[in-house]
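Student: Dock chain V against chain X, hints included.
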Amino acid sequence: MSLTGNTMNFSTDNDPAIKEFNTTKLLKNARKQAEDRNYKDFFICDVDSHHYETEALPEILQYMDDPVMRHLGLSAGNVGRAGLIPQAIGSQDMAGRVTRYAGRNKEVVPEKPHRDITLTRRWMDAMGVDMACLFPTPMLLLATHPQVEVEVAMARAYNRWLCERILEEDKRIVSMVYLPMNEPHEAEKMIDEFAEKKGVVGFLSTGYLKRPVHDSVNMRIYAKLEEHGMPLGFHAAYHWADTSLAQLNKFISVHALGFSFCNIIHMTNWVLNGMPERFPKLNTMWIESGLAWVPFLMQRLDNEYMMRTSDAPLLKKKPSDYMREMFYSSQPIELVDNKEALEVTFKMMNAESQLLYSSDYPHWDMDLPSTIHDIPFLDETAKRNILGGNAQKLFNLDPVMSEWKLEARKQG
Amino acid sequence: MPEKLLCASSDLSDTTVKICEVDGVEIGIIRHNGDVVAYKNVCPHQGGPVCEGLRMPRVCVEFDDQQRALQQNFDESEMHFVCPWHGWEFKMETGEAVGDPKIRLKRYKVTERDGEVYVEI
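Taken in order, these protein sequences are the chains called X and V.
Read left to right, the first sequence gives residues 1 to 412 (the UniProt record's numbering).
Read left to right, the second sequence gives residues 1 to 121 (the UniProt record's numbering).
Read the hints as simulated data drawn from the structure, not as lab findings.
Only a predicted model underlies this, so the values are computations on that prediction, with no experimental measurement involved.
Incorrect hints may have been included.
[Claimed, not checked] In silico BS3-like links for lysine-lysine, alpha-carbon gap of 27 Å or less: (1) X:Lys40 - V:Lys18; (2) X:Lys28 - V:Lys18; (3) X:Lys410 - V:Lys106; (4) X:Lys393 - V:Lys106; (5) V:Lys18 - X:Lys339; (6) X:Lys250 - V:Lys102; (7) X:Lys40 - X:Lys250; (8) X:Lys25 - V:Lys4; (9) V:Lys18 - X:Lys106; (10) X:Lys32 - V:Lys106; (11) X:Lys339 - V:Lys102; (12) V:Lys91 - X:Lys32; (13) V:Lys18 - X:Lys25.
[Claimed, not checked] Calculated Cβ distances over 12 Å to all of chain X for the following chain V residues: (14) Asn33; (15) Asp35; (16) Arg107.
[To be verified] Listed next, with one range per pair, are the computed distances between beta-carbon atoms: (17) X:Ser353 - V:Thr111: 53 to 61 Å; (18) V:Asn33 - X:Phe377: 41 to 49 Å; (19) V:Arg68 - X:Glu193: 53 to 61 Å; (20) X:Glu380 - V:Val98: 32 to 40 Å; (21) X:Ala246 - V:Asp11: 35 to 43 Å; (22) X:Ala246 - V:Gly34: 46 to 54 Å; (23) X:Val108 - V:Met1: 40 to 48 Å; (24) X:Glu226 - V:Val98: 45 to 53 Å; (25) X:Gln247 - V:Glu96: 42 to 50 Å; (26) X:Gln247 - V:Asp64: 20 to 28 Å; (27) X:Leu335 - V:Arg68: 32 to 40 Å; (28) V:Pro2 - X:Glu343: 37 to 45 Å; (29) X:Glu111 - V:Asp11: 35 to 43 Å.
For each residue, glycine too, the CB sits at the ideal point set by N, CA and C.
Next up, chain X with everything else stripped away, as it sits in the complex (with noise of 0.2 Å):
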């Protein structure tokens, strides 16, 4: 048997698309649109974006606690972050195809700001976003840590890190801190540390969890937050582990159904589980399971509901009535050739007032402000509502305009 050589090596870091790699240049054509669109009379604001927190793990882990653990992920360069953080089975950057991956370790930056700040103001200036809502990366699947205890101290080190480091620095940037929701008593605490930090907007649930949302443990989580008027995210994420998914066998099949799976299962018992009635001032936000599950899961829930009322004692009225009250990030939008399903979706949801536009930038499925802006369908009441003013009003935000656009509105 002869083998061939491997030489196919489409994506070298020799490709110029990788090897001089800059995010400004990269997203040129996003600040075009945001002149041509004229986004120095928007504010916009990002619910959902990310930066790669595994990069900056060395300074996050001065922020632990735990000296043992500390060690760990220290130890052995970078290989020690594997007994800290999980890794993920998927390939995110197509095998190469999109070039941020692979490109973005050898971004320059200055020496100040944080690298953090820089590379995040690069693309929402290039985008046209004023403020973003901050997020990490590999610590979506924390969730899934065996180990709990290194979930709260991770998460812990992570906000605090974050706290003084980013959001201290920067008023463009804020963040919905990580909630270890595994571990109840330390997500209670974890409120009261952080709640009143400088840029911290709510708190986080990612990915799968150990218990669902309706356990009793976790009411005392929701009260506090209610307390502090902060908002609950529900960030979403695929776990190729989860038995329901096992069987898929690509990644775009885990991550299509996956992302929308994980908060149809939230919100599923968060619904039917009278959270809504339990805890009437808490705000909750969806997060990165796009929107075609939302008209889905009401149709769904609403048609059996009818049936099974005694299922449901706590219901006041229909789930999609609860449903219709939240919030959802807008990121990834579904359309492709499906302007009319887009427009009934937006109406089921009262999308003007609970819709928050999100890029989800750097990843892979991102999207640009223009995916709201260029909808035909939608008023410029709705546009201005959905790119900023709903974020504002959730988030209680004091508005910061980018500075290119400050510079633009007075020059006329």
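Tutor: Just chain V now, with coordinates in the frame of chain X:
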């Protein structure tokens, strides 16, 4: 349609896309299968710089005589532009989106003469 000078013939290669700007429009141009192809450097999906990403061959699946998948392979007879923003792929030869041929890159007619490349725009 007016013809504009794009670049010198010697600027073109069959491995790297040359990006030229004409009247404020970026055009990606490359030699491909003995031809010269030129497309607007804007992806019809969300506007990414589609000509500046990787060029990748079509991915195909090889079967045995019972339709059982044996392995995947690259088909280098069909090369694609890959938009670096989201990975949408377009056939270099026609500009058609691989996922839906109704969606196409905007193509420009180019002429090579006297060592120079002209585009109709």
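Student: Hints first: check each against the structure and report whether it holds.
Tutor: Evaluated hints:
no.: 1; hint: X:Lys40 - V:Lys18; result: violated (32 Å)
no.: 2; hint: X:Lys28 - V:Lys18; result: holds (17 Å)
no.: 3; hint: X:Lys410 - V:Lys106; result: violated (36 Å)
no.: 4; hint: X:Lys393 - V:Lys106; result: violated (41 Å)
no.: 5; hint: V:Lys18 - X:Lys339; result: violated (36 Å)
no.: 6; hint: X:Lys250 - V:Lys102; result: holds (26 Å)
no.: 7; hint: X:Lys40 - X:Lys250; result: violated (41 Å)
no.: 8; hint: X:Lys25 - V:Lys4; result: holds (25 Å)
no.: 9; hint: V:Lys18 - X:Lys106; result: holds (22 Å)
no.: 10; hint: X:Lys32 - V:Lys106; result: holds (18 Å)
no.: 11; hint: X:Lys339 - V:Lys102; result: holds (17 Å)
no.: 12; hint: V:Lys91 - X:Lys32; result: holds (26 Å)
no.: 13; hint: V:Lys18 - X:Lys25; result: holds (16 Å)
no.: 14; hint: Asn33; result: holds (17 Å)
no.: 15; hint: Asp35; result: holds (21 Å)
no.: 16; hint: Arg107; result: holds (18 Å)
no.: 17; hint: X:Ser353 - V:Thr111: 53 to 61 Å; result: holds (55 Å)
no.: 18; hint: V:Asn33 - X:Phe377: 41 to 49 Å; result: holds (43 Å)
no.: 19; hint: V:Arg68 - X:Glu193: 53 to 61 Å; result: holds (57 Å)
no.: 20; hint: X:Glu380 - V:Val98: 32 to 40 Å; result: holds (36 Å)
no.: 21; hint: X:Ala246 - V:Asp11: 35 to 43 Å; result: violated (52 Å)
no.: 22; hint: X:Ala246 - V:Gly34: 46 to 54 Å; result: holds (48 Å)
no.: 23; hint: X:Val108 - V:Met1: 40 to 48 Å; result: holds (42 Å)
no.: 24; hint: X:Glu226 - V:Val98: 45 to 53 Å; result: holds (49 Å)
no.: 25; hint: X:Gln247 - V:Glu96: 42 to 50 Å; result: violated (33 Å)
no.: 26; hint: X:Gln247 - V:Asp64: 20 to 28 Å; result: holds (23 Å)
no.: 27; hint: X:Leu335 - V:Arg68: 32 to 40 Å; result: holds (36 Å)
no.: 28; hint: V:Pro2 - X:Glu343: 37 to 45 Å; result: holds (41 Å)
no.: 29; hint: X:Glu111 - V:Asp11: 35 to 43 Å; result: holds (37 Å)
When held up to the earlier numbered hints, the structure conflicts with 1, 3, 4, 5, 7, 21, 25 and fits the remainder.
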